[in-house]
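Number of protein chains: 2
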Amino acid sequence: MTVQTSFNPRNGLVVPAPPSDSPDAIDAVVAAAAAAAEPMAAVPPATRAGWLSAIAAALEADAEPLAALADEETALGLPRLTGELAGAARSLRFYGSVAAEGSYLQAAIDHAAPGRPDVRRVSVPLGPVAVFGASNFPFGFGVLGHDTASALAAGCPVVVKAHPAHPRLSARLAEVASRAIEGAGVTTGPFGIVHGFDAGTRLVSHPAIKAVGFTGSLRGGLALWRQAATRDEVIPVYAEMGTVNTVVVTASAAAERGAEIAAGFVGSFTLGMGQFCTKPGLLLVPAGSGLAEETGRALAAAAPDGWLLTESIADAYHAGLDRLAGAGGRVVTQLPAAPAGWAAPPTVLAVDAAALTGGSPLLEECFGPVALVAEYESEAELASVLAALPGSLAAGVHAGEDDPRLAGLVAALSKRCGRVVVNGWPTGVAQGWAQQHGGPWPATTTPWTSSVGAQALSRWVRPVAFQDVPEAALPAALRDDNPWRLPWRIDGVME
Amino acid sequence: MTVQTSFNPRNGLVVPAPPSDSPDAIDAVVAAAAAAAEPMAAVPPATRAGWLSAIAAALEADAEPLAALADEETALGLPRLTGELAGAARSLRFYGSVAAEGSYLQAAIDHAAPGRPDVRRVSVPLGPVAVFGASNFPFGFGVLGHDTASALAAGCPVVVKAHPAHPRLSARLAEVASRAIEGAGVTTGPFGIVHGFDAGTRLVSHPAIKAVGFTGSLRGGLALWRQAATRDEVIPVYAEMGTVNTVVVTASAAAERGAEIAAGFVGSFTLGMGQFCTKPGLLLVPAGSGLAEETGRALAAAAPDGWLLTESIADAYHAGLDRLAGAGGRVVTQLPAAPAGWAAPPTVLAVDAAALTGGSPLLEECFGPVALVAEYESEAELASVLAALPGSLAAGVHAGEDDPRLAGLVAALSKRCGRVVVNGWPTGVAQGWAQQHGGPWPATTTPWTSSVGAQALSRWVRPVAFQDVPEAALPAALRDDNPWRLPWRIDGVME
Numbered sequence: 001m002t003v004q005t006s007f008n009p010r011n012g013l014v015v016p017a018p019p020s021d022s023p024d025a026i027d028a029v030v031a032a033a034a035a036a037a038e039p040m041a042a043v044p045p046a047t048r049a050g051w052l053s054a055i056a057a058a059l060e061a062d063a064e065p066l067a068a069l070a071d072e073e074t075a076l077g078l079p080r081l082t083g084e085l086a087g088a089a090r091s092l093r094f095y096g097s098v099a100a101e102g103s104y105l106q107a108a109i110d111h112a113a114p115g116r117p118d119v120r121r122v123s124v125p126l127g128p129v130a131v132f133g134a135s136n137f138p139f140g141f142g143v144l145g146h147d148t149a150s151a152l153a154a155g156c157p158v159v160v161k162a163h164p165a166h167p168r169l170s171a172r173l174a175e176v177a178s179r180a181i182e183g184a185g186v187t188t189g190p191f192g193i194v195h196g197f198d199a200g201t202r203l204v205s206h207p208a209i210k211a212v213g214f215t216g217s218l219r220g221g222l223a224l225w226r227q228a229a230t231r232d233e234v235i236p237v238y239a240e241m242g243t244v245n246t247v248v249v250t251a252s253a254a255a256e257r258g259a260e261i262a263a264g265f266v267g268s269f270t271l272g273m274g275q276f277c278t279k280p281g282l283l284l285v286p287a288g289s290g291l292a293e294e295t296g297r298a299l300a301a302a303a304p305d306g307w308l309l310t311e312s313i314a315d316a317y318h319a320g321l322d323r324l325a326g327a328g329g330r331v332v333t334q335l336p337a338a339p340a341g342w343a344a345p346p347t348v349l350a351v352d353a354a355a356l357t358g359g360s361p362l363l364e365e366c367f368g369p370v371a372l373v374a375e376y377e378s379e380a381e382l383a384s385v386l387a388a389l390p391g392s393l394a395a396g397v398h399a400g401e402d403d404p405r406l407a408g409l410v411a412a413l414s415k416r417c418g419r420v421v422v423n424g425w426p427t428g429v430a431q432g433w434a435q436q437h438g439g440p441w442p443a444t445t446t447p448w449t450s451s452v453g454a455q456a457l458s459r460w461v462r463p464v465a466f467q468d469v470p471e472a473a474l475p476a477a478l479r480d481d482n483p484w485r486l487p488w489r490i491d492g493v494m495e
Numbered sequence: 496m497t498v499q500t501s502f503n504p505r506n507g508l509v510v511p512a513p514p515s516d517s518p519d520a521i522d523a524v525v526a527a528a529a530a531a532a533e534p535m536a537a538v539p540p541a542t543r544a545g546w547l548s549a550i551a552a553a554l555e556a557d558a559e560p561l562a563a564l565a566d567e568e569t570a571l572g573l574p575r576l577t578g579e580l581a582g583a584a585r586s587l588r589f590y591g592s593v594a595a596e597g598s599y600l601q602a603a604i605d606h607a608a609p610g611r612p613d614v615r616r617v618s619v620p621l622g623p624v625a626v627f628g629a630s631n632f633p634f635g636f637g638v639l640g641h642d643t644a645s646a647l648a649a650g651c652p653v654v655v656k657a658h659p660a661h662p663r664l665s666a667r668l669a670e671v672a673s674r675a676i677e678g679a680g681v682t683t684g685p686f687g688i689v690h691g692f693d694a695g696t697r698l699v700s701h702p703a704i705k706a707v708g709f710t711g712s713l714r715g716g717l718a719l720w721r722q723a724a725t726r727d728e729v730i731p732v733y734a735e736m737g738t739v740n741t742v743v744v745t746a747s748a749a750a751e752r753g754a755e756i757a758a759g760f761v762g763s764f765t766l767g768m769g770q771f772c773t774k775p776g777l778l779l780v781p782a783g784s785g786l787a788e789e790t791g792r793a794l795a796a797a798a799p800d801g802w803l804l805t806e807s808i809a810d811a812y813h814a815g816l817d818r819l820a821g822a823g824g825r826v827v828t829q830l831p832a833a834p835a836g837w838a839a840p841p842t843v844l845a846v847d848a849a850a851l852t853g854g855s856p857l858l859e860e861c862f863g864p865v866a867l868v869a870e871y872e873s874e875a876e877l878a879s880v881l882a883a884l885p886g887s888l889a890a891g892v893h894a895g896e897d898d899p900r901l902a903g904l905v906a907a908l909s910k911r912c913g914r915v916v917v918n919g920w921p922t923g924v925a926q927g928w929a930q931q932h933g934g935p936w937p938a939t940t941t942p943w944t945s946s947v948g949a950q951a952l953s954r955w956v957r958p959v960a961f962q963d964v965p966e967a968a969l970p971a972a973l974r975d976d977n978p979w980r981l982p983w984r985i986d987g988v989m990e
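As they're listed, the protein sequences go chains R and U.
Counting from 1, one number per residue, gives the positions in the first sequence under my numbering.
Counting from 496, one number per residue, gives the positions in the second sequence under my numbering.
Please keep in mind that the hints were generated in silico from the structure rather than gathered at the bench.
Hints may contain errors.
To be verified - Below, a sample of chain R positions facing chain U; criterion: calculated Cβ distance under 10 Å:
hint	residue
1	T47
2	Q106
3	L406
Bear in mind that the values here come from a model prediction, so they are computed numbers and not experimental data.
Don't be surprised by glycine CBs; every beta carbon is placed ideally from N, CA and C.
Okay, chain R solo, but in the shape it has when bound (with noise of 0.2 Å):
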């Protein structure tokens, strides 16, 4: 058992956190939700929406408490938190609500004809997914976010990896969760959690895990897609890894709210201090708009405050500011950081559009309160930078009325990105049926897929066909009286 340690990000200040889990320990976990996996795929959909429903009460009773631990460990602040948790609650019950719809399973029946077998299709659950939740947003991608909330509905246990950025946070949530749950009348437990990095690299290769969803950095997805290549079965890992976001104002959006925009900006890329997957990190403005000044007055305006998560990323982000000058990009207003902690000074940078070149550390995510202004000479210099960003997230345009240029643009942005925002900011990402978030390699390892909303079940299932099986063989899903209340396409046909 190695000790870890929870820190402070306003003050350095440490204290004791729970320690590494043992291999044994680790294997322990598995186990359980090994166990946990056959009953629990067994359940109907709408009674796991039970199970999520139960865990979205047990966070919200315990909603002041968690918050002000959370903020301990991350210094977000109370009311950014507090929101955090309620939409956490919101997203479970969300989850629950699609799987218990019922879409996800993607049933099917292609009845017998003369020389064709009756075939049913029905999604099946993989069995134990290991999470590994985000260190900048401990409720909405943490113990309890997107990828442990849309597994649990869509019926895989879920191993979660505790983000050493909040242990302590981690270790009650966890709580929460299987009282909860127990509560709910679950006796095996399809919840566990792990804690320490070797639990990280343990979970990836253990043969009983069968997906991993990830949130974090390019470097840390990368090492476990890396590592899930390594088994001799090969399971998925959805790595949602962050990006530069990219936002272009057209000359007419300049021309008609310039001052609105700069400063919707810097509202957008101070966000938490920056520490947002979807930040805007890069304006793409018209020569002579005079936008990155205006950027840079507006972030003086805002004074936002605040720290960074950790000490690595306080790290990181120095060595990105200096990467982004060192690359030509121009300080155009840096504020003074905070006195103490893990601070960081909030920064707009300028550079000409021609920098942005494939392979520039000008595209490269800095983690933090920084943001790039570029200014394009041209709307061919313009196509020419948009054609050759890096895959990402989100994007956007901000157009004057009635700009021709806008579907053009959309469109570009379209083939770069996973969501296009018009005349708004990319930060928030609404739960819902519609939402994408994903994006284009190395945004995501899998670009086909969401972190977020209701297509994020699908990434934990896996179709299975059944030929002439006779019904009392059937799994429920598909017996002919439907005990599951699912859509089915019935010989090609939705019912």
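With the hints as your guide, set chain U onto chain R.
Below, chain U alone, put in the same frame as chain R:
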């Protein structure tokens, strides 16, 4: 340019085939596909259904000479090849109809509400797809097979790597398809073909290629999968790699209709000279049932003859027979091989089920007309064998009237495969909406997808969300008047 040759498996005779393409020629084919990607994605899916119908009609119009050419290169026989061509034409039309129906695009709209933006999602084609067809189905999984048809239907240009087992047929099929598409009024070519081994590796590494479809051996599929993982932008490789597909016979079935099962088994595992990815390679029978000997007699009675597709497949077949014998397989019956060409002696081996432990060579695929009959001593032994099976495309059970063990066996097999067949054989794969052709690693690299059936289209698209995008800048698929007539999910409810 390297000279390529086409072999006649019946006698090993050689005729010249289209030469290997130069790197420049390959790049030109890919560039044409890349240029076609954007216009093709903008075409309504129902229009692409028309293109696929045109290709299907062209196939049918040339059925006789195409089947004859296929027979020269594969020795699979005219009746089988004529039937396979007809099936491929039906599949082309089916994938077109799936595209036109539009569900595969998963269009959804979450309307704006207080505090929530308008979010709309639709899937978009990935871009140019490289297709590596199989040796064993020159029509069904060849140049115009499931991968090509589903990718074209989904709006992706296709570049096929011609299979060296039938290079002349591949070239002819490409001509047929190109002419048909031009006849359908498509001026930029969404379809191309390249020849030669190096063409395959060049395709997989080409930055303009956005996905790979593969049907073939485990070794070949994993090689492409590994290569794609080294790209700057990693792309999905949908590799369907074949497997040992296990069929269980219960004591009741053996007692009721042992001879019928033995004859059916022989018919299935020798179909196409055993060159099916869905071949039942392993029959688990009760010890003392006499089914191993019964199967041997059925093989002798059926006396199948024919040739393997290539010299390397013939070499691998003989090596596989040695491997099975070396691992304890006892030859029950072995028929003489054809006297010339790529011959193969049809063979039944028997073994105790206890020998089927994890990692045993007995559980490795041997492509060709051989099967293993394994005798289990008890239900417990059967259960432990089933739990240790590697992932497979399909599996089956033969059970007697009202056998109470059937449901448990179907459930156990469904954990290790993509399709379970009761009282039948896995060789045939019916085209349809409910079909699932795929299975757990290493049967496929992507067990959550299917390479046959309506779900095949979803491999070639990814979702994009549009947030607060004005009507005029939305893609056609998401405009309020629904010009593509897609099934929509509106605020969570299917319309």
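Open item on the list: Interface hint check: T47(R), Cβ to nearest Cβ on chain U, cutoff 10 Å. Holds or violated?
Closed with: violated, 19 Å
TODO: Under 10 Å, Cβ to Cβ, is where L406(R) needs to be relative to chain U, so tell me if that hint holds or is violated.
DONE: holds, 4 Å
- [ ] Against chain U, run the beta carbon of Q106(R) and see if the smallest gap drops under 10 Å.
- [x] Given a least distance of 7 Å, the restraint on Q106(R) holds.
Violated hint: 1 only; the structure is consistent with all others.
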